[in-house]
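Take a look at the letters that make up each chain.
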Amino acid sequence: MLEADLLVLGAGPAGMAAARTAADAGLSVLLLDEQARSGGQIYRSVGSVPEGRAQILGSDYTKGKALTEELDHPMIRHLSGATAWQIEKGPRVSFTRDGAASAAKARRLLIATGALERPMPVPGWTLPGVMTAGAAQILLKQSGLMCERAVLAGSGPLLYLVAAQMYRAGTPPLALVETQTFADRRAALRHLSGALRSWRLLAKGLGLLAEIRKAGVPRYTGASAIAIEGKAQAETISFTSGGKRHRLECATVLLHHGVVPNTQAARSIDVPHHWNEDQHCFVPEKDGWGRTQLPDVFIAGDGAGIGGATAAQLQGRLAALEIACDLGKTTPADRDRDATPLNRQLETEMAARPFIDRAYPPFREALLPADDTIVCRCEEVTAGDIRRYAGLGCLGPNQTKAFGRPGMGPCQGRYCGLTVTNLLADESGRSQDDTGYYRIRPPLKPVTLGELAAMTDLETDEQEPVT
Amino acid sequence: MESDYAIIGGGVVGLSVAWGLLQRGRSVTVLDGDDGSFRASRGNFGLVWVQSKGMKQPAYARWSQRSAAAWADFAASLREATGFDAALEQKGGYDLHFSDETLAETVAQYEILKAKLGGDYPYEILGHNELRREEPEVGPKVAGAILHHQDGHANPLKLLRGLAAGVRGNGGTVLNGKTVDTVTRESSFRINCSDGTVVEANKLVLAAGLGSAALGPKLGFKAPIRPQRGQVLITEKLPRILNRPSLIARQVDEGGIQIGATNEEVGFNDKVTAKGLAGLAAEAIAAYPILAKAQLVRSWGALRVLSPDGLPIYQESPEMPGAFLVTCHSGITLAAAHASFLPDWLEKTNTAPDLEVFSEDRFALS
Amino acid sequence: MKTASPFRELEQSAGRVRVRFAGKDLMLRDGGNLAAELLAAGVRSFRQTPVSGAERGPFCMMGACFDCLVEINGITRQACMCEVSAGMNIGMPGTGGDGDA
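Chains as they are written, first to last, in my numbering: chain C, 1 to 467; chain D, 1001 to 1366; chain S, 2001 to 2101.
Take these hints with a grain of salt, some might be off.
Under the rule of at most 25 Å between Cα atoms (straight-line distance), these lysine-lysine pairs were calculated in the DSS-like manner [claimed, not checked]:
hint, chain 1, residue 1, chain 2, residue 2
1, S, Lys-2024, C, Lys-231
2, D, Lys-1114, D, Lys-1091
3, D, Lys-1178, D, Lys-1218
4, C, Lys-89, C, Lys-329
5, D, Lys-1271, C, Lys-89
6, D, Lys-1222, D, Lys-1056
7, D, Lys-1275, C, Lys-105
8, C, Lys-105, D, Lys-1271
9, D, Lys-1275, C, Lys-89
10, C, Lys-204, C, Lys-65
11, D, Lys-1293, D, Lys-1275
12, C, Lys-204, C, Lys-214
13, D, Lys-1275, D, Lys-1141
14, D, Lys-1218, D, Lys-1348
15, D, Lys-1114, D, Lys-1056
Distance ranges between label pairs, derived from CB positions [what the hints assert, rightly or not]:
hint, chain 1, residue 1, chain 2, residue 2, range
16, D, Arg-1226, C, Asp-433, 28 to 34 Å
17, D, Pro-1321, C, Leu-392, 32 to 38 Å
18, C, Arg-430, D, Asn-1269, 25 to 31 Å
Since the hints were derived computationally from the structure, they do not count as laboratory data.
Remember, predicted model here, so these are calculated numbers, not experimental data.
Idealized CB from N, CA, C, for every residue including glycine.
Kindly generate the complete structure, drawing on both the sequences and the hints.
What follows is the structure, given as structure tokens:
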């Protein structure tokens, strides 16, 4: 069994920054990441993109390369292609790598598994050819693939970024179907002063909008009643905008209405979460250092609450400083001294969040979809089914599993949990906190029985320090 | 408004009894707990099982047999009333053995039980090759199996769904999210819940699983119930590879292979452990080697509701006549008996089953 | 032979290898992301759901949605978490074999 001072789950900006800061403080670090290369989602393949792709993606992306290079440190052992499937007290993590199951123990655990796109259930969203905007980014970053004849739909700055990148690559989207309304924009203005503190971020956003305008990409705003249709794949997207019904032919639909913390790992060890109404998602309970109510477990990055890549890095470093102090490698005074500039930067990074959250709220109809719409993709359970279970006395998501199997498929509720909680809360008139969320249990990711059975030898394995 | 019966506990046991009482024209109110409660009804293995039960108490074997025999009609009446199919399959089930010795030992015990049951215990011994003909995927380590023809399995979640719909559809009232604080008795039972809800009923059935341990003594029961954890695995959906269920693994109607279970005394702890999962996986692969490549997609721990001897408890309260304790760890197998025969015992009709061996008298005061 | 695909490759790259998908031969970029390469080769549906037989393809591309499941050497895997290698035999999940259609 591998042993380290600090075990970091996830090699995105938070995980990478934390690993380096911890290593610099003299801690041994084991960094587990399921991807083949470090970078997480936002910096996917940043270490290996060809020049042309890098130009399209822009400097916000390419600057992530430096972070990946920070992992080159004798105190950091980075295991790529390692899929964690169980976390236990210890902390101890079971994972699979190269078809073999293994375990690692540490004195502290940092969960840096990032975010997921908020599920956006609209009619037809399960058809082949419908993907998330993030998926389009990954196709571009990792494989240099552009989506031709694509329509972007939903709300949030990522839509504009993807649209601009597609235009730069010579395959502009057919259209932007935006659910943001005039009322949303007006409500956001109240938070403009906060946003102005992150003026660079705002300027980038305005720049993207200008680029899209120059590209001549048609924009439909205040969109509602979005539906995707096709026989065996996405062929058209219909929606209402400007009082008219539109129907666009397309080959690909890219959906996005915000990102939410990926809470699977934290929930699997019963880290308490609470509902954040502004971000319309559950976030873990933690202190300013990222320590959860489980004293050995920390969370940093978008998994702690959406803030973006720079904020994630800062949080990763802050967590590492506190962990180093915990383990006697720095004094509280030195920790505080190093943390002060990080906290100041973090405050600036987060200053624009209220504005972004108000300006780009989730698409209302996708939060509480119509009865016919599938909400659990894996088990094909509809919103109407969930409403029916509520009528049969289902108070929370765990009871729905007994009624219709939502959350019981391979994705373990990643793409239906929030929707099911919202629907049940709405039906019962209770808050999302009172309604609760799926109980998450191992395996976090599938593991074969053969890999699992081989673990019976692990109890007698010798301890192997990672560095 | 007063019901004939209040049933504390809306799991399979409580709802089966409720369904049976409603069929007899009684009015029923069921009080069920909240979303986070330990619910054996959601975590069990789904077997409708006769073999290995009542080895020390033939009456329990007999009770299980009666229930298994009544299950098809019970499922049919539920399906007819609600449209929900509990997916019952009764083609027999296996007790797999990895050594000839343990197989022979078990057979010897079965023969003794069979004699006590007047010969009504239809089982066969299958050697490895015969077993392979029935179950092509069984592995070389399996020495043989006992195939008992009265065994089977069902889908416990569909059963639960059917019961929930059936009880409501037949005029039963189901109150969810209720925690019972106190129960008083004047002319009728008054059940006071923590949120202020009050339910009045002529008679009361306590079927709250592990919750009965705390509430039972308040009603005059001993309720010596303890939790015992069972960890269970379930794989991705697979093409049909297992024909009959066994205590190690069964293929559920939706296609996944369900593997279980541990028997751990860990208190009110329903977590799963890497060690537990690994052990179960190893056993499953020893029985069916093809499962080595199957992906585990879900696991859970559930708490069995166990009496000291593992047998059900059916007891009328000596202090509060009209209050009954109904508890068992085989709520799926006994669902049919609880729906079809137990109401006669509650109503004290002349076809009431003799359940004296299941009373609390058998638990000596310590 | 490449089927028409709504995905365009930004860069030409050499190094294609032969793989078999659902009974058809495809030439995919060696070492590429399997889900991406299948999409680029014009494959739109990777599997049919066990519940209703509905067609599904990649959705999240980050190993979270499990819609891109394929079967490789008898084991169900997410295509977006696999790399292309020569001679790969890829089938629809749950077909119990290499998935010759």
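List in ascending order the numbers of the hints, as given earlier, that are violated by the structure. none
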